[in-house]
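Number of protein chains: 2
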Amino acid sequence: MISNSNSEGNCDTHYASFSSNEKEVLYKTIFSRRDVRSHFISGRVIPNDVLLRILNAAHHAPSVGFSQPWNFILIKDKSIRAQVKESFLREHKKSISMLDDDIQRQEKYTSLKLESIMESSINICVTYDSTRFGPFVIGRTSIAETGVYSVCCAIQNLWLAARAEGIGVGWVSILANEDLQKILLIPKHVKPIAYLCLGFVKEFAEKPDLEKIGWLPRMELGNVICYEQWGVSTSHSWSEFCNIVDYYKTND
Amino acid sequence: MISNSNSEGNCDTHYASFSSNEKEVLYKTIFSRRDVRSHFISGRVIPNDVLLRILNAAHHAPSVGFSQPWNFILIKDKSIRAQVKESFLREHKKSISMLDDDIQRQEKYTSLKLESIMESSINICVTYDSTRFGPFVIGRTSIAETGVYSVCCAIQNLWLAARAEGIGVGWVSILANEDLQKILLIPKHVKPIAYLCLGFVKEFAEKPDLEKIGWLPRMELGNVICYEQWGVSTSHSWSEFCNIVDYYKTND
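So the protein lines, in turn, are chains A and B.
Using the numbering used here, read the first sequence as starting at 73 and increasing by one per residue.
Using the numbering used here, read the second sequence as starting at 73 and increasing by one per residue.
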């Protein structure tokens with residue numbers, strides 16, 4: 073029901089390698105995924121099997137020490153959502169005031185649609201439980217934050233699966249975690265990581281909204297790569313690779 | 073060179089929907105991705121175009137306010153890697169002592185292979201730069217950690233792209249960030265998030281290593297889903313969905 077593959081995420085031998093076409097499908101998913109804040113199709117419900125596949129994809133993310141520290145709170149209830157929306161409105165107001173010294177940017181910012189809490193089909197709050205299978209979690213002994221990192225990997229799996237299913241996902245982060253904690257009755261040892269709005273969409277934008285409106289440009293790939301150490305933009309042993317990164321830049 | 077799709081991640085109209093087969097490819101990638109600590113093919117170099125595609129996939133992750141706060145430090149140099157390995161050995165020793173009260177578990181833990189720093193083809197340190205396009209970053213005004221979350225989404229993209237390319241990735245987190253900071257000359261305002269070891273592998277394991285050896289079981293999907301609020305395992309408006317989650321459980 074979940075997919076042709078074993079529901080536990082085991083892989084058959086044919087899973088060993090990917091054809092060129094299969095690789096292209098993955099890249100297509102990655103490049104066409106968007107953070108969606110509009111274009112939701114009102115009233116179109118996500119079928120149960122689709123939602124289950126998306127959640128199962130999230131559940132098969134890597135996790136530090138196999139701790140699987142995530143939970144997914146599925147929210148349809150409009151009164152709960154309305155409370156979350158109030159938290160957004162309060163936090164949004166605060167954020168607007170941070171641009172009081174830059175009226176032009178403030179106006180642009182204020183004009184942006186930044187959430188679809190009420191009009192999306194469902195909301196999902198993804199949380200991190202630091203006590204799951206603890207306190208000794210393999211790989212979490214030196215860097216405690218790795219538990220949260222696992223939850224983020226799950227969110228990205230969910231996002232890509234949703235994209236392939238034709239479902240838009242918008243991550244609303246202009247919220248107070250204390251509010252989410254109260255509204256959703258989340259205990260103290262559990263931390264809200266993401267508040268996602270999901271639903272079928274009319275279209276996926278060609279480019280990220282903030283790139284399209286010129287808020288920020290996409291950085292060149294070469295500018296986020298370093299060689300051997302921080303800030304080093306070239307290296308003898310990486311010279312061929314540096315060249316193709318440069319070539320890629322000039323042929324964008 | 074990067075892929076058939078536009079290198080900027082734009083999507084053509086044919087990108088709008090995915091066939092059943094295409095969806096299966098994404099799920100195959102997600103389910104067969106592994107955290108790899110052995111089976112690296114010694115001496116097999118990752119071709120430049122493959123590495124570029126993997127990094128480009130990472131660079132097309134979602135990021136809060138389109139801030140793209142990541143950097144990728146590519147490391148081939150064996151003397152640098154040896155220093156990172158020393159950090160691992162120190163931190164590993166500390167972690168072993170945390171199990172002094174549970175000798176049986178300690179022995180099992182000590183027997184695990186937890187890194188491939190020296191024998192993998194390359195290492196990649198993925199970092200978070202909190203100053204990138206800041207200080208006002210859309211969506212980061214209420215929850216500062218969302219910047220780090222973006223970097224984790226990039227790591228998951230990288231991981232999935234690598235899997236499709238036949239390349240294993242192992243995330244080594246038994247390290248001191250202070251050591252990484254010194255060894256890789258990472259400035260204070262930049263935070264190491266992940267230290268990854270990449271290379272072609274002989275095989276991808278059928279199951280996660282820690283599941284296979286019985287360290288921890290995979291949780292049932294139904295046990296990480298809540299309805300409307302934390303801890304609620306059923307709900308009237310979710311009754312049909314609850315049923316299929318239960319059905320899925322009994323038919324694993």
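Be a bit skeptical, because a hint or two may be false.
Identical chains blur together in the list; that is why a pair holds if it fits in one copy or across any two.
Straight-line alpha carbon distances no greater than 35 Å define the calculated DSBU-like cross-link-like pairs of lysine-lysine that follow [as the list claims (entries may be wrong)]:
1. K95 - K180
2. K321 - K260
3. K321 - K165
4. K260 - K274
5. K260 - K279
6. K165 - K95
7. K95 - K150
8. K95 - K260
9. K284 - K260
10. K166 - K95
11. K166 - K321
12. K321 - K148
Simulated from the structure, these hints should not be mistaken for lab results.
Verification of the supplied hints:
1. When the C-alpha separation of K95 and K180 is checked against a cutoff of 35 Å, the pair qualifies neither within a copy, at 38 Å, nor between copies, at 37 Å.
2. In this assembly of identical chains, the alpha carbons of K321 and K260 lie at most 35 Å apart only when taken from different copies (29 Å versus 47 Å within one copy).
3. With identical chains, the CA atoms of K321 and K165 are never at most 35 Å apart, being 39 Å at best within one copy and 44 Å at best between copies.
4. When the C-alpha separation of K260 and K274 is checked against a cutoff of 35 Å, the pair qualifies neither within a copy, at 38 Å, nor between copies, at 44 Å.
5. In the homo-oligomer, the alpha carbons of K260 and K279 lie at most 35 Å apart only across protomers (33 Å), although the nearest pairing inside one protomer, at 38 Å, exceeds that limit.
6. In the homo-oligomer, the alpha carbons of K165 and K95 never lie at most 35 Å apart, since the shortest distance is 43 Å inside one protomer and 40 Å across protomers.
7. For the identical chains of this complex, K95 and K150 are inter-copy neighbours only, at 31 Å across copies versus 40 Å inside a copy, given an alpha-carbon limit of 35 Å.
8. In this assembly of identical chains, the alpha carbons of K95 and K260 never lie at most 35 Å apart, being 42 Å within a copy and 37 Å across copies at closest.
9. Taking identical chains as interchangeable, the C-alpha atoms of K284 and K260 lie at most 35 Å apart only when they sit on different chains, with a minimum of 32 Å there against 39 Å within one chain.
10. In this assembly of identical chains, K166 and K95 lie within 35 Å of each other by CA distance neither inside one copy nor across copies; the values are 44 Å within and 41 Å between.
11. Proximity of K166 to K321 under the C-alpha cut-off of 35 Å is found in neither arrangement, the shortest distances being 39 Å within a copy and 45 Å between copies.
12. When the C-alpha separation of K321 and K148 is checked against a cutoff of 35 Å, the pair qualifies only between copies, where the shortest distance is 23 Å, while the shortest distance within a copy is 45 Å.
Of the numbered hints stated above, those contradicted by the structure are hints 1, 3, 4, 6, 8, 10 and 11, listed in ascending order.
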